[in-house]
Amino acid sequence: MNNYGWGLPIRASSFAGQIDFGILLIHAAMALIFVLWGVFFAYLLVRYRRRAGTPAQREEHHASSQGGFWANNAGELKSLMPDVLVMLFEIALIVFYAFPVWRSIKMSPPDPKDADVVVEVTAEQFAWDVRYPGPDGKFGRAKPELVHFSNPLGLDRTDPAAADDIFVANELHLPVGKKTLIRLRSKDVVHDFFVPEFRLKQDAVPGLEIPMWVVPTRIGHYELACAQLCGFGHSLMRGDVYVESPEDFQKWLASRAALKPAPPSASNNSGGF
Amino acid sequence: MSNTPDAARDPHRPNVKLYMAVFGALLCLTLLTVAVSKLHLPRPQAIAVGLLIAAVKASLVAAIFMHLWGEDGRIPRILAAVVFFAAMMIFPILDGAFLVPSATSRVAVADQHPDEGGAAAPAAEKPAEVK
Amino acid sequence: MNATTAAVPQTSSGISNAKLGVWLFLASEIMLFSTLFTTYIVLRLSATSWPWGWTALNVPLGTLNTAILITSSVTIVMAYARAYDRDVAGFRKWMALTLALSACFLVVKAFEYGHEFSLGIGPSTSVFYAVYFTMTGLHGLHIVGGIIVNSGLLYMSYRKDCWEDPLFLGRVEGAGLYWHFVDIVWIFLFPALYLL
Amino acid sequence: MSQSHADSHGHGHAQSFLRRYVFSVDHKVIGLQYLFASMFFLLSGFALMMLMRWQLAFPGQAIPFFGRLFPADLAPNGVMSGEFYNALGAMHGTIMIFLGIVPMGVAAFGNYVLPLQIGAPDMAFPRLNMASFWLFLPGGALMLGSFFLPGGAAQSGWTSYPPLSVINPGQTVWLLAMVLLITSSLLGSINFLVTTANLRAPGMSLMRMPVFVWGEVVASVLLLLAFPPLEGAAILQLMDRVAHTSFYMPKDLVILGSHYAGSGGGQPLLWQHLFWFLAHPEVYVLVLPPMGIVAEIIANNTRKPLHGYTTMVLSMLSIGVMSLIVWAHHMFISGMSPALSNFFLVTTMIISVPSVALMTCLVFSLKGASIRYSVPMLFALGFIPLFAIGGLTGLPLGLTVTDIYLHDTYYVIGHFHFVVVTGSVIALFGGVYHWFPKWFGRKMNDTLGQIHFWGSVICMVGIFLPMLPMGLAGASRRLYDPTAQMHNLIVQPLNVVSTMFTYGLALFQIPFLWNFFHSIFRGEKTVENPWQATTLEWACPSPPPHGNFEKTPRVYRDPYEYSAPGRKTDYWPQNEPA
Chain A
1 MNNYGWGLPI
11 RASSFAGQID
21 FGILLIHAAM
31 ALIFVLWGVF
41 FAYLLVRYRR
51 RAGTPAQREE
61 HHASSQGGFW
71 ANNAGELKSL
81 MPDVLVMLFE
91 IALIVFYAFP
101 VWRSIKMSPP
111 DPKDADVVVE
121 VTAEQFAWDV
131 RYPGPDGKFG
141 RAKPELVHFS
151 NPLGLDRTDP
161 AAADDIFVAN
171 ELHLPVGKKT
181 LIRLRSKDVV
191 HDFFVPEFRL
201 KQDAVPGLEI
211 PMWVVPTRIG
221 HYELACAQLC
231 GFGHSLMRGD
241 VYVESPEDFQ
251 KWLASRAALK
261 PAPPSASNNS
271 GGF
Chain B
1001 MSNTPDAARD
1011 PHRPNVKLYM
1021 AVFGALLCLT
1031 LLTVAVSKLH
1041 LPRPQAIAVG
1051 LLIAAVKASL
1061 VAAIFMHLWG
1071 EDGRIPRILA
1081 AVVFFAAMMI
1091 FPILDGAFLV
1101 PSATSRVAVA
1111 DQHPDEGGAA
1121 APAAEKPAEV
1131 K
Chain C
2001 MNATTAAVPQ
2011 TSSGISNAKL
2021 GVWLFLASEI
2031 MLFSTLFTTY
2041 IVLRLSATSW
2051 PWGWTALNVP
2061 LGTLNTAILI
2071 TSSVTIVMAY
2081 ARAYDRDVAG
2091 FRKWMALTLA
2101 LSACFLVVKA
2111 FEYGHEFSLG
2121 IGPSTSVFYA
2131 VYFTMTGLHG
2141 LHIVGGIIVN
2151 SGLLYMSYRK
2161 DCWEDPLFLG
2171 RVEGAGLYWH
2181 FVDIVWIFLF
2191 PALYLL
Chain D
3001 MSQSHADSHG
3011 HGHAQSFLRR
3021 YVFSVDHKVI
3031 GLQYLFASMF
3041 FLLSGFALMM
3051 LMRWQLAFPG
3061 QAIPFFGRLF
3071 PADLAPNGVM
3081 SGEFYNALGA
3091 MHGTIMIFLG
3101 IVPMGVAAFG
3111 NYVLPLQIGA
3121 PDMAFPRLNM
3131 ASFWLFLPGG
3141 ALMLGSFFLP
3151 GGAAQSGWTS
3161 YPPLSVINPG
3171 QTVWLLAMVL
3181 LITSSLLGSI
3191 NFLVTTANLR
3201 APGMSLMRMP
3211 VFVWGEVVAS
3221 VLLLLAFPPL
3231 EGAAILQLMD
3241 RVAHTSFYMP
3251 KDLVILGSHY
3261 AGSGGGQPLL
3271 WQHLFWFLAH
3281 PEVYVLVLPP
3291 MGIVAEIIAN
3301 NTRKPLHGYT
3311 TMVLSMLSIG
3321 VMSLIVWAHH
3331 MFISGMSPAL
3341 SNFFLVTTMI
3351 ISVPSVALMT
3361 CLVFSLKGAS
3371 IRYSVPMLFA
3381 LGFIPLFAIG
3391 GLTGLPLGLT
3401 VTDIYLHDTY
3411 YVIGHFHFVV
3421 VTGSVIALFG
3431 GVYHWFPKWF
3441 GRKMNDTLGQ
3451 IHFWGSVICM
3461 VGIFLPMLPM
3471 GLAGASRRLY
3481 DPTAQMHNLI
3491 VQPLNVVSTM
3501 FTYGLALFQI
3511 PFLWNFFHSI
3521 FRGEKTVENP
3531 WQATTLEWAC
3541 PSPPPHGNFE
3551 KTPRVYRDPY
3561 EYSAPGRKTD
3571 YWPQNEPA
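Protein chains in written order, with the working numbering: chain A, 1 to 273; chain B, 1001 to 1131; chain C, 2001 to 2196; chain D, 3001 to 3578.
Worth double-checking, as some hints may not be accurate.
Unchecked claim - Simulated pairs of lysine to aspartate or glutamate, DMTMM-like, Cα-Cα distance not exceeding 20 Å:
| # | chain 1 | residue 1 | chain 2 | residue 2 |
| --- | --- | --- | --- | --- |
| 1 | D | Lys3367 | A | Glu209 |
| 2 | C | Lys2019 | B | Asp1072 |
| 3 | C | Lys2019 | B | Glu1071 |
| 4 | D | Lys3568 | A | Glu59 |
| 5 | A | Lys143 | D | Asp3481 |
As the list claims (entries may be wrong) - Part of the chain D face toward chain C, derived, beta carbon under 10 Å:
| # | residue |
| --- | --- |
| 6 | Leu3187 |
| 7 | Gly3203 |
| 8 | Pro3511 |
| 9 | Trp3514 |
Rather than coming from a laboratory, the hints here were simulated on the basis of the structure.
Predicted model, so just to flag it, every value in this text is computed and none were measured.
Don't be surprised by glycine CBs; every beta carbon is placed ideally from N, CA and C.
In isolation and in its complexed conformation, chain A is listed as follows (with noise of 0.2 Å):
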């Protein structure tokens, strides 16, 4: 996979551009700053050392009453020019980027209704168990008492919405160009779903369930990583993503649907335990 490098990896999902345009504005800012607060320190390391014979020069302090305030802390005022300058810049920052973009990605997650693909991630110590409705779109019932290693999610099969759910350890598989809609839940701990080519990260709390929508740009594998301490074995809690065409994806899902109602394998349950 050549999605990585030493910058940000590829964008791969509709809002990656935005993210990504934060940050570099971010960092130019910020390396501009550095750099002209750098030359000026410098410049005052140099041409105030000690010298023989040359004292330090005192700043004018007016303490007298005439003058107002504003003259008399002209000079400490002026000096705060450069922090209104950061603050506007914050301040634009805040109105016109952050707050639409996390409103776009964060506090509208699209209506099941509205969603061209809905599918349930359960973060489990130290795997990820993804769930699809099946044809019927509806995601089946599901008992904490009927959790084994063959069956994760303790799906209960007689229900006939559950019977028809299609269930994959450790991979994701989303059509291009389509909005999907995740839910995220957590059986255990709090774990992080991060796919870093989706700029997306959320993080899975035990007793919520968190919606969360992407639309993939890009055919492609990535990578769906746990960025929150989970256990010991957090670092090898890892998934694929699989990006493919509406077909390809439509596909994989009957192959899957074929499959039922066969126990989810030994795939299951186990991220390398």
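Given chain A, put chains B, C and D in place with the hints provided.
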């Protein structure tokens, strides 16, 4: 002990009569709050009344027994700042309140208290708990 | 009094060390208990249902304990009033009464706990009981701390030199402030756990 | 008003060794106790990191020399296990923050220097002060010793997020140690605040206090108000572990295939809120006293008053207030309500304003100066650009959108290590060189100091700078084996670079340690005021005797009156009559 006029004018001198009056008021309020709970008001009203009475009692203790009434103004100011920071705890509460609707595995305390009837009407119960 | 602070009072706050120290300590205690009350509210909001306190706990015993604690608050403020007037015997009497009442509080609490444990109810039974045992338990620890401080003061009052020490009254006042704070916490705990 | 005085002077000088050096109530002895203890803890935290760095650079290879010393369950065949790595990570963070930098910055320097700088004979509550240290030391011993207890050390990160922390071994001891440490720092902060409020020398008005004192005051307020929520949260977690309550455990957890037995009903996110309610202000506790130290050193070595004393004080105060309202920027992607993120984004950007103002004042203080490049000044000057990198890299992390990608990557590690190591630790080193003559009446060697400075700074940058591109490439933090995830493979060489510089940093601490301990006994003797400084700590003998000042000083002017016109000397001590 101190019957001198000096002591009588001392503003910090403990005022025993006042203490006893507050004592009486506190006991009455305690009985009142228990009595109100016997009325089995609906949750929102019960919580409002219970907290109101508790707040009155706490202010009495703070103002009179802890001498905040007539204390050097700086201590109340310190306390106001502390209360401001304590009020920041509203954010975890707000977070909890926002989160619940999206959470699927809701918590059922009712399992342990079937007699309480909460399980019958969880939806109706909900707003009652907002305080 | 040392010369430093006595000579130029403007660089001192004018509030005695003991009093300022106790108030700052209480500031941290306010933060501690507001954390616990926050936990209570968050857990209650996220619960599908929450028992009425009176169905789960013993309200008469709770009321009794409230009355005991309020009375002990009065007795300790009376002890302070006696100490203010340098009435040694009066101070000892009221302080001893305070200690007796605080012991009563703990005994009643122990009966309540004992009853609950005998029914097989413990902190792990439900979130409600987890909150109940943790908050009352922590409050109980504060009571124990208060008992230690107050017995210390009572013990000190038997030493002659303590009444010569101008700081003694400040210590009594500080202990009183702490005790009233513990009382205030209970004033909120009682309705929150037993009645609502 | 000060039983302190009565207490500490009652016994005079006829004290036993134990009373004088072990259970001492003298703020100077306690300050040095904290100094030595925190130096020990900093070194142990660093040692843990050296082990981790080996695993990060060469995953799966046996640790050279030391690998065989560890028991087989921690490091089979000398190769570190995942559990051991996580324990090292959790303890590195905990030890460095709660046992190293905060005790050194707040307690060691605060105890020794703060009473001297305000002209007090001792702290307001000397016995409380002693109690604070003797709660800290067992807390620290318990924390560090937890490696040797059954169950081992905590392994859920210093953040201890439940449910992981509730089910992982070792956490109970961590929580107990934290309760001890929190109690210790509460006592300490009450003491600092009361001392500053009540024991200032005549004439020492609030706006004449040195900037370091202000830093200590703000840090103490933060400790006082922010630590109790963590204490409460830790008690709840302790209940979850010991009494099997479910404060943080939701219903129907299935842990490694088995149904968790608790009642359920808890909220894992509640811990994160309460933890960060402390842990964000803690960042400013880590930074403000060192920043005060830098201000002291800069004023002294530029030989002119600080630029914008008032601005600096007001900035510190507003940082103090704001720092209690920004905590949830650590939780943007934690599953917290995304609407709340917007609020915390705004407060985060607000707090950057006074922070930038502080840095601006420090830089502008150099203008017109006559800079004396003494060893402490080197550290103070090193602080400015490197801390600035730390501050700037906070920008993309504090912004909600960019944090989606950068959160929990090495970028975060790089960012806060620039803040805390090339910021706080460098400033603390500078403080050691600056006040060493006051503590021991002797000077440290300049040449060794310069070697220490250049070596340390270059190594620190070498360690932390590679972490920024690693983070941008998506490398996650806390990975036992970074090569197990594909997207880390290309940047893995940077891990090797970091590791090499880590061992270099260790080497460059040897001249410092030798210099420090050698100079205590053999250093060049020095005078009362070797740096020709103006603040009050230099007005008493070195080291100060019991009770500090022979005569209570009287303060006549602002703290940094250097190069005042019309005077023969270029400094004008605060206590010198006109």
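Each hint, compared with the structure:
1. Lys3367/D x Glu209/A: Cα-Cα ~56 Å, so violated.
2. Lys2019/C x Asp1072/B: holds, 11 Å
3. Lys2019/C x Glu1071/B: holds, 11 Å
4. Lys3568/D x Glu59/A: holds, 19 Å
5. Lys143/A x Asp3481/D: violated, 34 Å
6. Leu3187: Nearest chain C Cβ about 9 Å off; hint holds.
7. Gly3203: holds, 7 Å
8. Pro3511: violated, 41 Å
9. Trp3514: With a closest approach of 40 Å, the tryptophan 3514/D hint is violated.
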